[in-house]
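Chemist: Sequence:
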Amino acid sequence: MDNYAVIGNPIAHSLSPRIHAQFAAQTGQALDYGAILSTTEEFTASVETFRQAGGRGLNVTLPFKEQAWEYADERSVRAERVRAVNTLRFDGTGRAFGDSTDGVGLVRDLTGNGVEIRQKNILLLGAGGAVRSVLGNILDEQPAAVTIINRTRSRAEQLLELFPEAAGVLAVRGFDEPAGGPYDLVVNGASAGLAGQSLPLPDGILTQGACCYDMVYGKAAEMFLDWAAANGAATRCDGLGMLVEQAAESFHIWRGIRPETQPVIDALR
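The numbering of the sequence shown is the working numbering, which starts it at 9 and goes up by one.
In case anyone wonders, no lab produced these hints; they're calculated from the structure. Warning: the hint list may mix true and false statements.
Mimicking SDA-like on lysine to any residue, the simulated pairs with C-alpha atoms at most 20 Å apart in a straight line are [stated by the list, open to error]:
hint	residue 1	residue 2
1	K227	T243
2	K128	R97
3	K128	R181
4	K128	Q150
5	K227	R181
6	K128	A187
7	K128	E173
8	K227	G36
9	K128	V177
10	K128	V180
11	K128	A153
12	K128	S22
13	K128	G188
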């Protein structure tokens, strides 16, 4: 029985143990998946304790993705690109491999919901770790334009430095500037919904047939998706599908098998 876990703070709410238990049952893999609560100060020690006990891999959630990037001895190209790690693999070589699967999860879930990115005008809300972790995969899909709106404009400008190859496609604005548009796809990666705050989005910035997608799920996504409904968004999604899709990519990194995601998404709904 191989041991895996998710590490974060808070962690009691995490659906990852349920998701990976369903993946294991579906694929016939013998593994046990738990949850680890840690602190910023104890993160490295928590990982080492799990690893020394024979742990084979970790999912990493807030607020430890940048620390996990520092911890990893080897990293994938996509992890290097976003300077964040949400998947650690310990394969007996004595070195830890780090990867980032959030962007893959988002793109796959959008595709599964019939949403195209190529040659579309996209708005990203927020400039923190959530947006940074998916931006590279969005740009890889060759959108016509991507605008990042953030409360602090200077933080959004830091993303321009991380993705210099996107010059001419990627632009930033502050919340106090005109929102621009119209947009075919609006992705909310800001933390306002988690804090129960509204986002200062004007009406009338969506194209006909637009999609609005919140990277969180459940009640935290309701405020943004209510705004989307009031503004006529044809497709409205929360981030549950993204969560399952990124978990499936982690499972593949660990086990070499890619599980079916739709039955798991349906079961969690």
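Chemist: Check each numbered hint from earlier against the structure, then list the numbers of those it violates in ascending order.
Modeler: Hints 2, 5, 8, 12 not satisfied by this model.
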